[in-house]
Amino acid sequence: MKYCKDLKIVGVEYPSDGYVLLKLTDKEQLPAINAGQFVEIKVEGSPSTFLRRPISIHFVDVENNQMWLLIQLVGEGTRKLAQLHEGDSLNVLFPLGNGFTKGTEGEKVLLVGGGVGIAPLLDYGRQLKECGACPTFLLGGRSSRNLLQLDEFKKYGEVFVTTEDGSMGDKGFVTNSSLLGESSQYVKNKDFRISCCGPKPMMMAVAKYAKQNEIPCEVSLENMMACGLGACLCCVEKTVKGNVCVCKEGPVFNINELTWQI
Amino acid sequence: MKYCKDLKIVGVEYPSDGYVLLKLTDKEQLPAINAGQFVEIKVEGSPSTFLRRPISIHFVDVENNQMWLLIQLVGEGTRKLAQLHEGDSLNVLFPLGNGFTKGTEGEKVLLVGGGVGIAPLLDYGRQLKECGACPTFLLGGRSSRNLLQLDEFKKYGEVFVTTEDGSMGDKGFVTNSSLLGESSQYVKNKDFRISCCGPKPMMMAVAKYAKQNEIPCEVSLENMMACGLGACLCCVEKTVKGNVCVCKEGPVFNINELTWQI
Amino acid sequence: MADIKVNIAGLQMQNPVMTASGTFGYGIEFADLVDLSKIGGIIMKGTTLQPREGNDYPRMAETASGMLNCVGLQNKGVDYFCSHIYPQVKDIKTNMIVNVSGNSPETYAECAARINELDAIPAIELNISCPNVKQGGMAFGVTCEGASQVVRAVREVYKKTLIVKLSPNVTSIADIARAVEDSGADAVSLINTLMGMSIDIERRKSRLSIGTGGLSGPAVKPVAVRCVWQVAKAVGIPVIGLGGIMTAEDAIEFIMAGASAIEIGTANFIDPAISVKVADGINQWLDRHGCSSLADIRGVI
Amino acid sequence: MADIKVNIAGLQMQNPVMTASGTFGYGIEFADLVDLSKIGGIIMKGTTLQPREGNDYPRMAETASGMLNCVGLQNKGVDYFCSHIYPQVKDIKTNMIVNVSGNSPETYAECAARINELDAIPAIELNISCPNVKQGGMAFGVTCEGASQVVRAVREVYKKTLIVKLSPNVTSIADIARAVEDSGADAVSLINTLMGMSIDIERRKSRLSIGTGGLSGPAVKPVAVRCVWQVAKAVGIPVIGLGGIMTAEDAIEFIMAGASAIEIGTANFIDPAISVKVADGINQWLDRHGCSSLADIRGVI
Numbered sequence: 001m002k003y004c005k006d007l008k009i010v011g012v013e014y015p016s017d018g019y020v021l022l023k024l025t026d027k028e029q030l031p032a033i034n035a036g037q038f039v040e041i042k043v044e045g046s047p048s049t050f051l052r053r054p055i056s057i058h059f060v061d062v063e064n065n066q067m068w069l070l071i072q073l074v075g076e077g078t079r080k081l082a083q084l085h086e087g088d089s090l091n092v093l094f095p096l097g098n099g100f101t102k103g104t105e106g107e108k109v110l111l112v113g114g115g116v117g118i119a120p121l122l123d124y125g126r127q128l129k130e131c132g133a134c135p136t137f138l139l140g141g142r143s144s145r146n147l148l149q150l151d152e153f154k155k156y157g158e159v160f161v162t163t164e165d166g167s168m169g170d171k172g173f174v175t176n177s178s179l180l181g182e183s184s185q186y187v188k189n190k191d192f193r194i195s196c197c198g199p200k201p202m203m204m205a206v207a208k209y210a211k212q213n214e215i216p217c218e219v220s221l222e223n224m225m226a227c228g229l230g231a232c233l234c235c236v237e238k239t240v241k242g243n244v245c246v247c248k249e250g251p252v253f254n255i256n257e258l259t260w261q262i
Numbered sequence: 001m002k003y004c005k006d007l008k009i010v011g012v013e014y015p016s017d018g019y020v021l022l023k024l025t026d027k028e029q030l031p032a033i034n035a036g037q038f039v040e041i042k043v044e045g046s047p048s049t050f051l052r053r054p055i056s057i058h059f060v061d062v063e064n065n066q067m068w069l070l071i072q073l074v075g076e077g078t079r080k081l082a083q084l085h086e087g088d089s090l091n092v093l094f095p096l097g098n099g100f101t102k103g104t105e106g107e108k109v110l111l112v113g114g115g116v117g118i119a120p121l122l123d124y125g126r127q128l129k130e131c132g133a134c135p136t137f138l139l140g141g142r143s144s145r146n147l148l149q150l151d152e153f154k155k156y157g158e159v160f161v162t163t164e165d166g167s168m169g170d171k172g173f174v175t176n177s178s179l180l181g182e183s184s185q186y187v188k189n190k191d192f193r194i195s196c197c198g199p200k201p202m203m204m205a206v207a208k209y210a211k212q213n214e215i216p217c218e219v220s221l222e223n224m225m226a227c228g229l230g231a232c233l234c235c236v237e238k239t240v241k242g243n244v245c246v247c248k249e250g251p252v253f254n255i256n257e258l259t260w261q262i
Numbered sequence: 001m002a003d004i005k006v007n008i009a010g011l012q013m014q015n016p017v018m019t020a021s022g023t024f025g026y027g028i029e030f031a032d033l034v035d036l037s038k039i040g041g042i043i044m045k046g047t048t049l050q051p052r053e054g055n056d057y058p059r060m061a062e063t064a065s066g067m068l069n070c071v072g073l074q075n076k077g078v079d080y081f082c083s084h085i086y087p088q089v090k091d092i093k094t095n096m097i098v099n100v101s102g103n104s105p106e107t108y109a110e111c112a113a114r115i116n117e118l119d120a121i122p123a124i125e126l127n128i129s130c131p132n133v134k135q136g137g138m139a140f141g142v143t144c145e146g147a148s149q150v151v152r153a154v155r156e157v158y159k160k161t162l163i164v165k166l167s168p169n170v171t172s173i174a175d176i177a178r179a180v181e182d183s184g185a186d187a188v189s190l191i192n193t194l195m196g197m198s199i200d201i202e203r204r205k206s207r208l209s210i211g212t213g214g215l216s217g218p219a220v221k222p223v224a225v226r227c228v229w230q231v232a233k234a235v236g237i238p239v240i241g242l243g244g245i246m247t248a249e250d251a252i253e254f255i256m257a258g259a260s261a262i263e264i265g266t267a268n269f270i271d272p273a274i275s276v277k278v279a280d281g282i283n284q285w286l287d288r289h290g291c292s293s294l295a296d297i298r299g300v301i
Numbered sequence: 001m002a003d004i005k006v007n008i009a010g011l012q013m014q015n016p017v018m019t020a021s022g023t024f025g026y027g028i029e030f031a032d033l034v035d036l037s038k039i040g041g042i043i044m045k046g047t048t049l050q051p052r053e054g055n056d057y058p059r060m061a062e063t064a065s066g067m068l069n070c071v072g073l074q075n076k077g078v079d080y081f082c083s084h085i086y087p088q089v090k091d092i093k094t095n096m097i098v099n100v101s102g103n104s105p106e107t108y109a110e111c112a113a114r115i116n117e118l119d120a121i122p123a124i125e126l127n128i129s130c131p132n133v134k135q136g137g138m139a140f141g142v143t144c145e146g147a148s149q150v151v152r153a154v155r156e157v158y159k160k161t162l163i164v165k166l167s168p169n170v171t172s173i174a175d176i177a178r179a180v181e182d183s184g185a186d187a188v189s190l191i192n193t194l195m196g197m198s199i200d201i202e203r204r205k206s207r208l209s210i211g212t213g214g215l216s217g218p219a220v221k222p223v224a225v226r227c228v229w230q231v232a233k234a235v236g237i238p239v240i241g242l243g244g245i246m247t248a249e250d251a252i253e254f255i256m257a258g259a260s261a262i263e264i265g266t267a268n269f270i271d272p273a274i275s276v277k278v279a280d281g282i283n284q285w286l287d288r289h290g291c292s293s294l295a296d297i298r299g300v301i
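Protein sequences, first through last, are from chains A, B, C and D.
Mapping the first sequence onto the working numbering, position 227 (from 1) lands on 227, and the numbers just tick up by one.
Mapping the second sequence onto the working numbering, position 52 (from 1) lands on 52, and the numbers just tick up by one.
Mapping the third sequence onto the working numbering, position 232 (from 1) lands on 232, and the numbers just tick up by one.
Mapping the fourth sequence onto the working numbering, position 247 (from 1) lands on 247, and the numbers just tick up by one.
Treat each hint with caution, since some may be false.
Covered, in the sense of this in silico footprint (three residues per stretch, anywhere, with C-beta under 8 Å from a C-beta of chain C), are these stretches of chain A [as the list claims (entries may be wrong)]:
1. 1-15
2. 50-56
3. 217-227
4. 232-239
Here are the simulated DSS-like pairs of lysine-lysine, each with C-alpha atoms no more than 25 Å apart in a straight line [as the list claims (entries may be wrong)]:
5. B:K238 to B:K208
6. A:K211 to A:K238
7. A:K8 to C:K277
8. B:K2 to D:K90
9. D:K277 to B:K27
10. D:K205 to B:K200
11. C:K205 to A:K238
12. C:K5 to C:K160
13. C:K93 to A:K2
Short, incomplete list of chain C residues facing chain D, as computed with Cβ under 8 Å [said to hold, decoys possible]:
14. G66
15. T212
16. P218
17. A219
It is worth saying that the hints were derived from the structure and are not from the lab.
Glycine included, every Cβ here is placed at the ideal spot set by N, Cα and C.
Use the sequences and the hints to build the structure in full.
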């Protein structure tokens, strides 16, 4: 069931320069949300922001009936969101899309995130751990300033980080991480797979690695979209089934469904 | 000399429901401003407000280098202005238009204002008193809530008020005011004239009365405008000289220049 | 409450608000978010005789108070519609209308003939104004001859209410409307999108895969109101107005310009329940202004 | 600093930024607010052979990201221009260009011939696309024949740079541009305003005295960029782009679409100094991107 309603802002945090963390709640209980699903936000008071803005769901705090959004400030619209205050309301269309593959008892899942793409992996880690799976996080960023919420991630699994400037963890991209290499040891392990969210070049590199090593891999795409409901057909991705809406059939796709040249 | 610059807001007051009083200053000394001139304000963060908004200059506090704007909240744009805070800056194009006729020693001037049209009469009263003229104010509003800054007006001359609901002063319109009637006694007094600003029907009624009694009368028009500089020719008024820009040749016109059917 | 029922050449609607083709899917995508039975009519996405993959991504660019799109009529074809989609929508309690497109008078007609067989589809909207396909689409909509050809071919085989959607990308939309009326259309809807372009100056290329696209949203509303006003004065058949309608007040502008009904397009992306809100708003506005029906304000300009 | 000088068929400009006719008066109205000598060219308000009172008030309506106007070429006539205005503007240190309008090929030509005698006026912009006058104006701009007639008549008597301003209210602006080029135009400028309408639903009448008006501002930018792109591919003469330019980035969009220069219109109402800011911004953008001149990016789309 999808909803379009005004949610109440109960927390506004600035985890790092150029980001805002919004914590939203509702008088009614929030609907069931799959990790990897997203919301479409209506931004008020931003003349250059006509359409809603799709934002991935960072975390669902079931206990406190909260949904968290970790937003990178890239344009006038997102900057307006950073000016919101506790008590303000925000019109949200949610939950949208399919979300990541549900976890199964005992499986090992490597969650690879890059940039603000790490956001949805926190909730996915939570859901995986809840169903007895074993998530490991491999998070990459330009520098330590882009690696946010690490203490939150650590609650659900081991966290490995890479930074392009070497300010934290291994220097370079996630794909250079020794961890990824080691993961090949699991290759023959039926219960090992990779879920990935980040910039397209990074996801393609991870997908290529996974394909070569026959590791099941899913990626979360960020195509530009309008409606978020599969109606306008703007956010399509070419797949083996033809053009499909990322907002509805995705944003999460198994790399075997895609037509990426990898 | 006209300027287009960011002025600093040093005061935000709410004299009555649906109004805001903005007090602006600048690091440099504000230019000479004729009472009756106006400004064009750029409103930020209001998607439905594309053009600047013309606002009459309510008062110039020379001593404190302040310019006051008394604004009625009628649309999204003006409501945005009411959300400004002390310390914010506001982009202002000013001073624009001709302004009211300069006062001369000893002359009697009746300043008739209706609704938010009373705004520019405060500064005019100040300037008249400064040059030895004797201003009297006749201010009309729907109710007492619409008659603002009366204590300020009283500093410069006698103040008579009318309200449509009778909540203050004579009940009815300014044109019903006994005062206007009495003023006819001055008719033969060469040094008596009327300056008027308010809703068009009210100004036409005052203009008609003045014409019948051969009292010199000027009115301040509020035609919709874009540029405020006499360039776009959008705010024209039909005059004996043809269509002229209210923003440049006006906003103040002697009623003999206009082609009103009165 | 005022009476806002309308009858568009036999098409009975409880209110004058329809959802525009390509902005509301097949309706079902919005079922969670709005009571479909309260919408006057739902115009489903463009359907063609053969399946179409549409244009490559990117297909959308945001612009000042609007958006550009170049979807290009992606759809699975009329056979798939009849076999897979029709069963899902035929019981929705409102007018379910199919938007029909093609690349020749024959393909338009063949597709329309198939739809004519579907009992629960009371009308079609003929799209002779899609700016995003090379063959057909707008090519037919920008000349009186082309428009007449397609409409005549379809009229022969289609027996229910035939609405023709017009392009604003012409010198005289009134001339096209007259030609379409003379060729047997029951009603016209306008405007389709204005052809536009947006360039990503960092990448030095268009933001749209095929270069140009169709502009919609509040930005085009003044052009749409003008076109509706011109066409309503030029033809005798009902005019359905669309183009940037976001509120009931916007809708009333179109009705005063001469529209018998209106379509809501891009606004569905911003508020999925906007269509019903606009219908309610129109009713309330009429009540507030002492109007007993839309006839009191239609075409007063 | 990059070299942003441009030469439009003999018209030398220090930068590609001009101010659009009807939005910048005669320049002098803006002298307090911007250094006129830093603007590439100033296109003064529309001038006709005989004085014109223009249309009645109201002439303007604000719309989503734009505005409508129906000024209707109010001006005191070419004689008054020559005797009273020319003396005030002839020494302004930039290209002072007159926008010429008329209601017949003869009146256009006669007016242009008078301007041809003024040494300090290096060019005229022929307005065959004004949507706000009954006679002439757009009537000539929407057919190839009408446009050619006017341009040929003026070309015979006007010896300096002849720019022709085109209307977007046509089925194929490229066809009109070709016709104008064949008739002797040195350059084309586009787009003039899109014909639109806005209704005050409380008063139940148009917000504009003559009903319709011309739409300008960011709302029309996608249409303008598309038109410039189409025309730049269709003609060999320089194209001057305008329509909703508010920033240097907007201007660069037009240049990448094929424009040799650009005009700033409605934006002058929001920031009287915008023209010089855009010129500086173009220069800085080119520097940031390692471009030595506009040629590096012109028409890359």
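Structure-based check of each hint:
| no. | hint | verdict |
| --- | --- | --- |
| 1 | 1-15 | holds (count 4) |
| 2 | 50-56 | holds (count 3) |
| 3 | 217-227 | holds (count 5) |
| 4 | 232-239 | holds (count 7) |
| 5 | B:K238 to B:K208 | 17 Å, holds |
| 6 | A:K211 to A:K238 | 18 Å, holds |
| 7 | A:K8 to C:K277 | 23 Å, holds |
| 8 | B:K2 to D:K90 | 22 Å, holds |
| 9 | D:K277 to B:K27 | 23 Å, holds |
| 10 | D:K205 to B:K200 | 19 Å, holds |
| 11 | C:K205 to A:K238 | 21 Å, holds |
| 12 | C:K5 to C:K160 | 19 Å, holds |
| 13 | C:K93 to A:K2 | 21 Å, holds |
| 14 | G66 | 7 Å, holds |
| 15 | T212 | 5 Å, holds |
| 16 | P218 | 4 Å, holds |
| 17 | A219 | 4 Å, holds |
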